[in-house]
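> Given next are the chains, with one letter for each unit.
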Amino acid sequence: MVSPLAGALAVIVGWMTIGLAALVPAGNAFFARRLAFPLGTFAGLALAVFGLQALWMPAQQLILPLGLPDLPFHLRVDGLSGFFLLLLGAVSAGITIYATGYFREETADRITLITLLYHFFLASMALVVLADDAYLFMVAWETMALSSYFLVTTDHKIPAIRSAGFLYLLVAHLGAIAILLCFGVMHGGSGDYTFAALRAADLTPAWATVAFLLAFFGFGAKAGMIPLHAWLPEAHPAAPSPVSALMSGIMLKTAIYGMVRVIYDLLGSVRWEWGIVVLVIGAATTLFGVLYALMQHDLKRLLAYHSVENIGIILLGLGMSMVFVGFGQTAAGALGLIAALYHTLNHAVFKALLFLGAGSILHATGLRNLNDMGGLIRKMPVTAFYFLIGALAISALPPLNGFVSEWLTFQTALQAPLLDHGVVRSLLPLFAATLALAGALTAMCFVKVYGIAFLGQAREPEHAPRAAHAGPTHDCGAAERIGMAWLAAGCFVLGLFPASFLLMLNRISTALIGGGLPDSALESNWLWLVPTHAAKASYSPLIFLAVIVAVTLLAFFLVRRFYHGRVRVAPPWDCGFPAQTPRMQDTADAFGQPIRHVFGPLYRMRRELPGPDDPKPRFVLQVEDRHWYWLYLPVARVTNLISAKIGLLQQGRISTYLLYSFCTLIALLILVR
Amino acid sequence: MSLASQFVNLLAALLLLIAFAMLSQRRILTLIHLFAWQGVALAASTFVVAYTTGQSHLYFSGVLTVVLKVILIPWVLHRLIDSLNIKWDVETLLNIPTTMLAGIGLAIFAFALATPISQMANTLTRSTLGIAMATVLLSFLMMIVRRKAVPQVIGFLAMENGLFFAATSATYGMPLVVELGVALDVLVGTFIFGIFFFHIREQFDSLEVRHMERLKED
Amino acid sequence: MEHAPGIAFQILQSVFVVLAAPLLMGWVNQCRAWLQNRAAPSLLLPYYTLAKLLQKDAVIARDASPLFRVTPYVLFGCMWLAAGIVPVLATDLPFAPAADVIALVGVFALARVFSALAAMDIGTSFGGLGARREMLIGFLAEPAMLMTMFTAAFISGSTQLTTIVETLAHREFAIYPSLAFAAVAFLMVLLAENARIPIDNPTTHLELTMIHEAMILEYSARHLALIEWAVSIKLFAYMTIGFALFVPWGIAEAGHWGALPLAFASLALKLAFAGAGLAVLEAMLAKVRLFLAPEFLSTAFLLAVLGMLIHFLMQS
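First to last, the sequence lines map onto chains D, A and V.
Sequential numbering of the first sequence, starting at 155, is according to the numbering used here.
Sequential numbering of the second sequence, starting at 9, is according to the numbering used here.
Sequential numbering of the third sequence, starting at 1462, is according to the numbering used here.
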């Protein structure tokens, strides 16, 4: 039996090899186009198997003879790492096989570069999850950021993409600095940066809180938390669709991995005040994410904002867990952690599926703007079907997977009576209310997306200028279908068999918190999902689905048998209105108008309405993120100001520079004395 | 918990519910009706407390509440808005959902404030002190966010309801003399407000309070 | 197996609810007619309407996708599931643990999403209008209902409807002030979700004022029959959920089959009162402007949240 750590390491090396092989000059275009991505898929599947294996085995460690002389690379795989390896492997397998079909028509030099960067991206994410010392962690983290930056700026000739990449890199490095400082605070002066040493270091509550804040905001910058989220809606749409799926689906989750690892594992004693901070920011992230998503008409930007919202939901689960653990309620804390981790996996699966669907639409029609789409279900039925599954999953509708993690988060909030502190106990249901609101708004947004993109009539005529690909709108190819089918199957499996995943996640929480779910929760069989006690709460998605399907089929057959009247096809009735055109349908902005009306003050809106006797009437609507004007632009202005002042040091005259060196020398001589 | 204290809790919750309903109402007529119902709930809880604790002066307070706050003052206000011919309120300073959210925040604050005090009290109705304070704060909020004078007055009267309920729940009522004095003040105040309304309307041709800003020194 | 009578009862209860739902609709319409001082149609009119619709030829728009044709059946299935989980007559429902109150709200959300998607399918402007307005109502109604359920869940310590009913009905009699708030919020959500006045006028013929009707404009014959049936089951389900949470007395306990006749009688009485009350409410109130509906529903949401808070704050 291969040990999971060795297996994972082999997969990482395999990915790097595939990437490097794409650089070999002879025949590399053929390799990159036909072989690289399928090989990467198999490697991903293998990684998923090793991750699953690691969940059921005790932790394993390894020291690699690489790295600096006194700082070798430490690797460790335990339950938490195994879970994230499973996530990475399974989801990337679906995305990579999709990428096989997606990148087939790229030019030779582009595809070799994409192959190299793509596989290094995957390898670095796996290394982040396996790292057991701060040095390897930061090396892998930086590699992840750099490889994804180059992937985002694949089309770097377009200035908007260049600035999106710049913003992405900037925020990623700000986060990395915070993480580095956090590791520095945590090691407590011992000089040893391995995670084992960080775990053992004893910090005062004040320093522990400093470390928590640094870790939370550092990893949060990568996760896309408010207010450090502005890079997400810029960078994810700029990248090619499989890369967007990787970034939204997996890269954001490595940030969650970092948070859980640092807060629960390395810092050790979790304080409930930290949980309140996480809850507040999580609630703000959730609400802002979904409200801004409702205003978008660019499909990929909309999906990026939904990633922000789902990170908020994960943070809500984490925050509740931290509050419970801080008060000593380990069973409820375990439930919260399980809910957060489950949502991590769910979001990876359905967000990747949605981004891949958007990629298929982009490939087939060249369209990214919802206002130009419509009626695609007739031209692309397979993509429409998989996208529907993704949309239902993200709207948290039973019996799919999004509902299970939201259900578990609600059950965690319902454990609030266990807390002693009066105010905190009454605050937890408020956060549950935020989650409920966000879930309903998400459903509204995806009715809009699916209805405008796939249903109805096409809003732009077929001969509208499109991207370079010729030919009528076609459905996606075989490789793409396999990728989306794999992820859609994942949505179903995660939604219909949650009890097995609960057992898996329970092992992780037992290891991290020291306590898991109560025995009454684990007694029921695979059919029932029971978080605390069978009499208190339970859910069986299989029975749910079975009843709905049974009744649907029964009704269908009965009606057919007894009332099989003719079905006549006719033009749409539309209340007898004779002159219906496709442009009379709702646009994406029209569908979002009620939300703009209700939540107006939260957006920064600029509208130009046409006058009544305007010869060329024009409607302009611009909705911007307020955080730009609250945070990013002021910070940029202050930074420019400071650097302008510091720039005065740069006189350009040699005598001034010699003066600087002279002053420094004098100062050092005084000090050394 | 005994049935009586449960009943008083229910009436307290109704009181808070009516305070929130007043925050979200636009029609002044409905505000007056809600104020009358608040008086009914208040009187009912006074009667229940009087019955269970045997304090007979609370019966008088209850009757006074009914006469004053359920019958007399709503009738006066009714006649006032009939003669001033106003039925609707303009938009409030904040929109209604925001006002309700602020109301929830105030309610949590009031409860957090009242918890240590309630734990010290040992009356029948100690858990209702938080609700009483919340009613006071909510009525104050209503006075702040409204733009017409009549809802502001109703808010003032509702505040007095809350104070009265606080007194009943914590200390089984105030001395009767104090109560009669307060009731008389409220009645006189309502009449004077009525007179003021006419003056304001004559002066500014409107009952929106922001017109009174013109009175400042420039 | 020992669950056999329970399973049989559950299936019978679902069938009973499905068959009785149009009667409730007929009763509400009759009360409305009495209040409007006109002669009421027969109490069984909804059944005749359903039979008539089932026999007609279905006219489907040329560009309708499979989603359009499947939706009526899915809606019917969802409502059947909801009818099966709510303890209408007794709490002995072996499959009720498959879905708790959160899943119940999820079922209604699933039905709402499918009907909105079907509305957008044909590509007419009224379909988009109906879908947009339905989601506007839904995005606040769903959290409000969820928070109402949470209040009941906090009081009874469980999210299973059967456990909630048993706790509230068969524990010693206690008045819960937080349930007063939750009851008002639930009533407001019931009016909104079932397309009654003051949110939507169920008898309107003007397309621009429609919310729910606009979504089903393109349906005819058997599809329309299934949708109308699902709508009446939804009203029945909402009313029985309200009874289960706020007036649960009369629902038979598990195993006490002898209490079933009493349960029937109390259900009939409650439904009669509730139907008449609904008609009275509709007569007293007027339909509000569309953008006052979010205010109405946000009041319901905040009242429900307040009910939850009251529960905690009055416990200390």
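One thing to keep in mind: the hints can contain errors.
[What the hints assert, rightly or not] Under 10 Å between C-beta atoms, here's a sample of chain D residues computed to sit facing chain A:
| id | residue |
| --- | --- |
| 1 | Leu-572 |
| 2 | Gly-576 |
| 3 | Pro-755 |
[What the hints assert, rightly or not] Facing chain D, from chain A, some residues (calculated, C-beta under 8 Å):
| id | residue |
| --- | --- |
| 4 | Ile-116 |
| 5 | Ala-120 |
| 6 | Thr-123 |
[Unchecked claim] Label-pair ranges, simulated between beta-carbon atoms:
| id | chain 1 | residue 1 | chain 2 | residue 2 | range |
| --- | --- | --- | --- | --- | --- |
| 7 | A | Trp-83 | D | Glu-778 | 51 to 61 Å |
| 8 | D | Arg-715 | V | Trp-1710 | 20 to 30 Å |
| 9 | A | Pro-124 | D | Gly-482 | 20 to 30 Å |
| 10 | A | Tyr-59 | D | Ala-360 | 52 to 62 Å |
| 11 | D | Gly-422 | A | Leu-101 | 46 to 56 Å |
These are calculated hints, taken from the structure and not from any lab test.
Nothing here was measured: the structure is a model prediction, and the numbers come from that model.
Beta carbons are placed, not taken as given, at the ideal position from N, Cα and C, and that holds for glycine.
> Take the hints in turn and mark each one as holding or not.
Verification of the supplied hints:
1. Leu-572: violated, 18 Å
2. Gly-576: Since the shortest Cβ distance to chain A is 6 Å, the answer is holds.
3. Pro-755: With a closest approach of 8 Å, the D:Pro-755 hint holds.
4. Ile-116: Result: holds, 7 Å to nearest chain D Cβ.
5. Ala-120: Interface hint status for A:Ala-120: holds (5 Å vs cutoff 8 Å).
6. Thr-123: OK, holds: A:Thr-123 within 8 Å of chain D, min 6 Å.
7. A:Trp-83 x D:Glu-778: 51 to 61 Å: Holds, at about 54 Å.
8. D:Arg-715 x V:Trp-1710: 20 to 30 Å: violated, 42 Å
9. A:Pro-124 x D:Gly-482: 20 to 30 Å: holds, 23 Å
10. A:Tyr-59 x D:Ala-360: 52 to 62 Å: holds, 56 Å
11. D:Gly-422 x A:Leu-101: 46 to 56 Å: At roughly 49 Å between Cβ atoms, A:Leu-101 and D:Gly-422 fall inside 46 to 56 Å, so the hint holds.
Going down the numbered hints, you'll see the structure goes against 1, 8, while the others check out.
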